[in-house]
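Engineer: Single-letter residue listing:
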Amino acid sequence: MTIERIRTEGEVEYRFTHPDDFREHVRDRKGRSPVPKLVTAKEAVAAFVSDGDYIVYDFSSLTRGPQSLIREVIRQRRKELWIGAEFTLHESPLLVGAGCATRIDVGFLGYGNYIGQAVCDGRVKAYEWTNGGLALRILAGARGVPFLPTRDLLGSDNMKVSAAKTITDPFTGDPVCLVPALNPDVAFLHVHQADEFGNARIFGTNLFALEAALASFRVIVSAEEIVETDEFRKDPMRTTVPYFLVDAVVHAPFGAYPGAMPARYEIDLEHVDRLNAIRTDEQMGKYLEENIHSVADHDEFLDRRVGAKRMRELRRRATIVEGYR
Amino acid sequence: MPRTIEFTDTEFMIAQGARLIEDGKTIFVGWGIPQVVAMLAQKLYVPNVTQLFEFGAIGPQSVLPFVRGTMGGPQNTYRSLQWLNMNWAFSYSATGYMDYGMLGALQVDPYGNINSTHLGGTFASPTRRFAGSGGGNQVASHCWKTIIVIKHEGRRFVPKVDFLTSPGYLDGPGAREKAGLPRGTGPHRVVTSKALFGFEETSRKMILLSVLRGLSAEEVVRDMAFRPLLAPEIGEIPPPTDDELRVLREEIDPARFIIRGEKMSATA
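Sequences listed follow chains Y and U, in order. Per the numbering used here: the first sequence = residues 1 to 325. Per the numbering used here: the second sequence = residues 326 to 593.
If you're looking for bench data, these hints aren't it; they were derived computationally from the structure. Just so you know, these numbers come straight off a predicted model, no measurement behind them. A few of these clues could be false.
What the hints assert, rightly or not - Just a sample of chain Y residues kept apart from chain U, beta carbon distances all over 10 Å, derived: (1) E9; (2) P19; (3) T130; (4) N131; (5) L139; (6) R151; (7) D152; (8) F171; (9) D185; (10) A263; (11) N276; (12) A277; (13) D299; (14) E300; (15) E322.
As the list claims (entries may be wrong) - Per the computed footprint, the stretches of chain U lying under chain Y, defined by three or more beta-carbons under 8 Å from a beta-carbon of chain Y, are: (16) 382-393; (17) 549-563; (18) 571-585.
To be verified - Here are the simulated DSS-like pairs of lysine-lysine, each with C-alpha atoms no more than 25 Å apart in a straight line: (19) Y:K160 - U:K485; (20) U:K503 - Y:K160; (21) Y:K165 - U:K368; (22) U:K485 - Y:K165; (23) U:K368 - U:K519; (24) U:K503 - U:K519; (25) U:K470 - U:K485; (26) Y:K286 - Y:K309.
A virtual CB, placed ideally from N, CA and C, is assigned to each residue, including glycine.
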């Protein structure tokens with residue numbers, strides 16, 4: 001049988017790690033011992049997020065997104081970040097507007113004129129992998145293989161502005177698309193419950209929470225609630241991520257604000273409207289100053305910028321609880 | 326006396342989209358307007374349709390009203406049959422279980438190719454940049470029949486899309502299969518705020534099937550940047566019904582964020 005030939009390939013930069021390099025990182029750098037990992041967001045970001053890192057996050061800006069961690073990255077003024085942007089409405093404009101992110105694998109670029117204009121102005125580079133393509137790259141990273149095949153992206157212009165390749169499938173003889181594994185430097189997961197060791201639970205759907213935790217060099221979990229390990233042993237079907245994938249656990253009530261946390265609190269639509277309305281650098285700067293740089297941390301943000309009354313109201317509005325427990 | 330119904334172009338687009346969805350089938354629903362179309366259909370016409378969303382909600386029964394921008398919130402994952410994640414969600418479409426896909430678009434060309442990435446300029450230096458594929462590329466690649474929902478503005482119907490985000494029939498008959506896309510898939514209908522299009526079997530080119538009651542075929546195609554084929558007999562689409570408008574205005578979008586648009590009227 002003839003060796004399959006590459007038919008087309010995109011020629012753009014892409015993040016790639018040889019599976020053996022990742023395995024060696026796991027062997028040498030990821031602790032297996034269940035040690036307490038509870039730290040503040042400030043400590044977690046200081047220790048585990050560096051300039052130039054590739055970051056992915058789960059879930060969306062409006063639902064269970066790791067917003068308090070994103071704000072901490074901005075507060076610590078990380079530079080040259082590369083983000084895998086899926087279900088992102090506000091993370092990408094905020095990270096680009098704050099000067100933190102310079103490359104975006106899309107996914108879904110983000111909502112509104114600000115981020116679109118930033119791409120037009122060349123302030124951030126975008127590559128097009130599509131949502132399904134990025135999710136599959138992370139799955140490949142999580143399976144320890146260098147690539148996975150798929151029957152989409154084919155025939156589209158995304159093939160030219162990603163590093164996906166089309167080859168002849170050795171089994172069918174038909175063209176098939178290959179996407180390279182993605183092993184991000186850091187994954188942020190915001191979860192309903194975690195214990196101090198990093199066992200974590202999400203109630204509801206997710207993008208690629210387990211895949212991202214498996215595929216990433218470092219994993220930061222922020223949790224609405226810290227629970228005992230016994231809770232996981234009593235109901236193991238509910239465990240999203242086991243402790244040994246996780247490097248840091250941050251207790252972050254209202255960590256998804258201004259988005260919703262299913263069955264815990266609803267979206268703050270007024271705040272979201274303020275984000276959606278950002279068009280200019282001046283408006284962006286004002287938002288960042290008011291909500292991120294002028295407060296020391298997430299607790300102070302909630303205390304001084306959101307307020308107990310507002311949080312009570314958002315909790316009261318979260319009336320849909322069926323399935324989330 | 327014939328009664329005159331007043332509505333917006335968006336309301337008409339959503340209503341005629343909702344009428345196309347078949348009961349007892351599966352439909353992969355894209356972000357934005359398709360979510361609203363699916364809600365209206367579920368409420369009025371197709372209690373046994375199974376909706377699927379890329380974030381892993383299988384068969385949800387969405388809570389009204391629609392929370393604009395949301396995708397994956399408790400409202401549109403409510404009472405699902407199954408909760409999963411993205412890699413599993415696209416497994417349902419990749420294996421052929423999704424009868425329909427429904428997507429919005431910035432631009433569409435005669436072969437039903439969709440652009441949702443940029444307008445004008447080049448990819449590296451676009452004139453205007455938008456969100457990109459999201460999961461649209463997978464939906465348009467995998468689902469048996471893709472329905473495109475798009476405002477009827479001439480500039481959106483172009484001979485060639487500025488960026489081919491999600492595949493239609495590419496450059497003609499057989500092109501999808503040649504590219505390696507699943508056999509027997511492709512765009513099925515284009516639902517607009519004035520008309521309904523299909524794709525002619527042999528050429529795979531867009532063909533005008535019917536128009537909103539009171540409009541002529543010529544009025545509808547006049548400002549399109551390409552001339553679609555015309556069906557031998559152009560059908561007539563009734564305007565939104567009282568029920569459709571009531572559900573849209575009172576239950577789905579009471580704040581009128583989604584359904585606002587150009588005012589239109591037609592005979593009921």
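Engineer: For each hint, tell me whether it holds in the structure or not.
Structural biologist: Status of each hint after checking the structure:
Every beta carbon of chain U lies more than 10 Å from that of Y:E9, the smallest distance being close to 14 Å; the non-interface claim holds. Every CB of chain U is more than 10 Å from the CB of Y:P19 (nearest about 18 Å), matching its label as outside the interface. The non-interface label for Y:T130 is inconsistent with chain U: the shortest C-beta to C-beta separation is roughly 4 Å, within 10 Å. A Cβ of chain U approaches the Cβ of Y:N131 within 10 Å, the least distance being about 4 Å, so the stated non-interface status is violated.
At roughly 5 Å from the closest C-beta of chain U, the C-beta of Y:L139 falls inside 10 Å, breaking its exclusion from the interface. Remark: the non-interface label on Y:R151 conflicts with the geometry, its nearest Cβ contact in chain U lying 6 Å away (cut-off 10 Å). Remark: the non-interface label on Y:D152 conflicts with the geometry, its nearest Cβ contact in chain U lying 4 Å away (cut-off 10 Å). Taking the minimum C-beta to C-beta distance to chain U, about 13 Å, the non-interface status of Y:F171 holds against the 10 Å cut.
Every CB of chain U is more than 10 Å from the CB of Y:D185 (nearest about 21 Å), matching its label as outside the interface. Separation of Y:A263 from chain U is inadequate, the least Cβ-Cβ distance of about 7 Å not exceeding the 10 Å criterion. Once the 10 Å rule is applied to beta carbons, Y:N276 is inconsistent with being away from chain U; the minimum gap is 8 Å. Remark: the non-interface label on Y:A277 is consistent with the geometry, its nearest Cβ contact in chain U lying 13 Å away (cut-off 10 Å).
Taking the minimum C-beta to C-beta distance to chain U, about 25 Å, the non-interface status of Y:D299 holds against the 10 Å cut. At roughly 27 Å from the closest C-beta of chain U, the C-beta of Y:E300 stays outside 10 Å, upholding its exclusion from the interface. Not every beta carbon of chain U lies more than 10 Å from that of Y:E322, the smallest distance being close to 7 Å; the non-interface claim is violated. Counting residues of the region 382-393 of chain U whose CB falls under 8 Å from any CB of chain Y gives 3; the rule of at least 3 is met.
Residues of the region 549-563 of chain U with a Cβ under 8 Å from some Cβ of chain Y number 0, which does not satisfy the need for three, so the listed coverage is violated. With a threshold of 8 Å between beta carbons, the proposed coverage of the region 571-585 of chain U by chain Y is violated, since 0 of its residues qualify and at least three are required. Distance restraint check for Y:K160 and U:K485: the Cα-Cα separation of roughly 17 Å lies within the 25 Å cut-off, and the hinted pair is therefore satisfied. With a C-alpha separation of about 17 Å, the suggested pair U:K503 and Y:K160 falls inside the 25 Å cut-off, and the hint holds.
Distance hint between Y:K165 and U:K368 is unfulfilled; the C-alpha atoms sit about 43 Å from each other, more than 25 Å. The straight-line distance between the Cα atoms of U:K485 and Y:K165 is roughly 24 Å, inside the 25 Å bound, and the hint therefore holds. With a C-alpha separation of about 23 Å, the suggested pair U:K368 and U:K519 falls inside the 25 Å cut-off, and the hint holds. Restraint check for U:K503 and U:K519: not satisfied, since their Cα atoms lie roughly 34 Å apart, outside the 25 Å limit.
With a C-alpha separation of about 21 Å, the suggested pair U:K470 and U:K485 falls inside the 25 Å cut-off, and the hint holds. At most 25 Å may separate the alpha-carbon atoms for a hinted pair to count; Y:K286 and Y:K309 meet this at roughly 24 Å.
Consistency note: the structure conflicts with the earlier hints numbered 3, 4, 5, 6, 7, 10, 11, 15, 17, 18, 21 and 24.
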